[in-house]
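Chemist: The primary structure of each chain is shown beneath.
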Amino acid sequence: MPNNNEDTTQEVTPGQAQLDSSITQKINYLQTLQSALHDHDDRQIYELIDKTRYEREVKKSRSTTKTQELADLVADDHEQLSHYLSEKLIDYLGQTYPFFYYDEVKDGEFDIYFGNWWDRRKFGKLDVLNVAFKFDETEYNKLKRAFELDALNQRYNTENIADITANSAELQKLIEGQDERDHEKEKLRQQLKEVSQKSTLPWDSGKVKEERQGIVDQLSKLADDDEEAINANKKIKENDEKILSLSKEDTILTYEKQSIQQKFEDFSHFESHNQSLYTDYLTNLIGKGQVKADD
Amino acid sequence: MINENDPSTLSTSGRLLSYNNAVKEGLKTGQQFTELMDQLINTKDPKKLVEAAQTLSVFELDSDYVTFPHQYNNADYYLIFMSRLLELHDQGEAITLESHEDDQHLTQQIAALGDLGVFAFVGANDSNGGVYYQDRVTNETLFYLNLSRRMMRFNSSAITKLFVETYADKIEKDQLLTATDLLIAFGQALKTDFGFDVDFNLLDTNNNEFYEFATSNLGSEVVDKLFVAAAQENYMLKHDKDGAVLELAPDLTLKIASHNANGGAAWGLYVTDKDQSVSWFKVLLEYPFLRKWYLENIGDLQIRSDSLVF
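The listed protein sequences derive, respectively, from chains Z and S. Take 1 as the starting number for the first sequence in our numbering and just add one per residue. Take 1 as the starting number for the second sequence in our numbering and just add one per residue.
Hints were generated in silico from the structure; no laboratory data involved. Treat each hint with caution, since some may be false.
To be verified - Chain S stretches covered by chain Z per the calculated footprint, using a threshold of three residues with CB under 8 Å from any CB of chain Z:
| hint | stretch |
| --- | --- |
| 1 | 217-224 |
| 2 | 265-278 |
Claimed, not checked - Chain S is nowhere near these chain Z residues, computed Cβ spacing over 10 Å in every case:
| hint | residue |
| --- | --- |
| 3 | Glu104 |
| 4 | Asp111 |
| 5 | Asp119 |
| 6 | Glu194 |
| 7 | Leu222 |
| 8 | Ala223 |
| 9 | Asp225 |
| 10 | Glu241 |
| 11 | Leu244 |
| 12 | Lys248 |
| 13 | Thr251 |
| 14 | Thr254 |
| 15 | Tyr255 |
| 16 | Lys263 |
| 17 | Ser276 |
Just so we're clear, the structure is a prediction, and the values are computed from it rather than from any experiment. Every residue gets a Cβ at the ideal spot worked out from N, C-alpha and C, and that includes glycine.
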């Protein structure tokens, strides 16, 4: 009998054994992932899709298990995975960051909006799989600057608005000075006429010429001012539009700043919270898992 | 042949008879007129009141043989009608009707407005008997009224000019509200007593009233202006699926929307409060920053009135 067996059973080569183990490992991986999905065990899923980070940042262990290849098995499922994981994550974020709103622009991809006020800013994206905010750099830096300026009792566009306002005031003066300029021009033209009519004695001609040039120069300066005054209303209107958009930006930044201050007191706390988001969230999931297990 | 219309064919007694008949007819018309006046002035029945007003508004008192030197204008009967209808609704005290004997016409004053505003009806020249209720001082027409078509339309532009701009710094807000409440009461009476179709426009307090802006394409900078102005007064203009929302008080919200109540594309406002007692007009009187915003952008924001009559 043993002989018969020897005939039918091939000997397992080391290569086959390795292959077998590798497949088993993959099957195990996928099965674990699947049951985690069935059990809504998001913590387990996060651990499976990035074991290295999980070990390092949650378990605080230095072991560097090579598991990336396994995680690659579901690389083409990331959109759906992200969509699935977003639900609990966004719930959690709602408590710490009540001022962020998310718009799923396509499966698993989320835009972040800051606030619920008029024309709130698109502030970046939410990276669900990595539990991280990817803030729009320009918008983020504006907010950061707004916090810095707050210490000086200034708003982001205070200086800018002051400059434009001053410019408008100049332009307004120019418009209001029209009558005075007209009067002045009339006087100068009269003078010019008088100078021209003066009998020009040879020895006076240089002086007369000079006098005449002086009047012409003044007239041309006034003509320039007139020209500018004609366009002034349009410019003032443009300035008003600029001021409006800058004031709006200041208002938005103020709302953003207040939102952060209410929750984090200052910007640095906000930043440090963002940095430890992954650890905080997974720790929170572990806590919830324990509560569940205790039930 | 005797032709009654051709006096030359008649004998003297025939002519006298014909003359007498014509005078009788004229007197009968006059008699009819005084009966209608009695009815207009005395009746307690709203149906009879509107009937008299309607007949008098097109009544021709003069005939070839009988003319009356002292006559009111046809539109004046609307004023009597308005005063009487308000009287039947216990608001008679709120207006005074004045008769100007020298040139025989009537005007009306709204008690709450004091000396501001002298009102009268003027024909709308729209060939179907419509009249405008007009302030003689500014010539602003507050509403259009048509008894035969049973309709009334308020004019948002005139209400804004008179009550929000011209009168606002001359009398107390409460007085302004009393005055507009009176006009609303008149419209309500027309609605409930005679089934009129009334557009209260910006005076309407219903939550589902859509106050439609003049512009059909509201520029975002207009909303930006409100956003900034509201923030300065510590109100936050909030993002909304269909536009923007401003919570003015725990139970009072103003919504800027890009759809009317039937879902059609249009820009306008909704004012929502639990008791449905607040109109856009009241909001304008109550909140200076909204009034400023509305008036500064009136070209875009003017609430539309019925374009058939305004």
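Chemist: Look at each hint and say if it fits the structure.
Modeler: Status of each hint after checking the structure:
no. : hint    : result
1   : 217-224 : holds (count 4)
2   : 265-278 : violated (count 0)
3   : Glu104  : holds, 15 Å
4   : Asp111  : holds, 14 Å
5   : Asp119  : violated, 7 Å
6   : Glu194  : holds, 50 Å
7   : Leu222  : holds, 34 Å
8   : Ala223  : holds, 34 Å
9   : Asp225  : holds, 30 Å
10  : Glu241  : violated, 7 Å
11  : Leu244  : violated, 6 Å
12  : Lys248  : violated, 5 Å
13  : Thr251  : violated, 4 Å
14  : Thr254  : violated, 7 Å
15  : Tyr255  : violated, 7 Å
16  : Lys263  : holds, 17 Å
17  : Ser276  : holds, 30 Å
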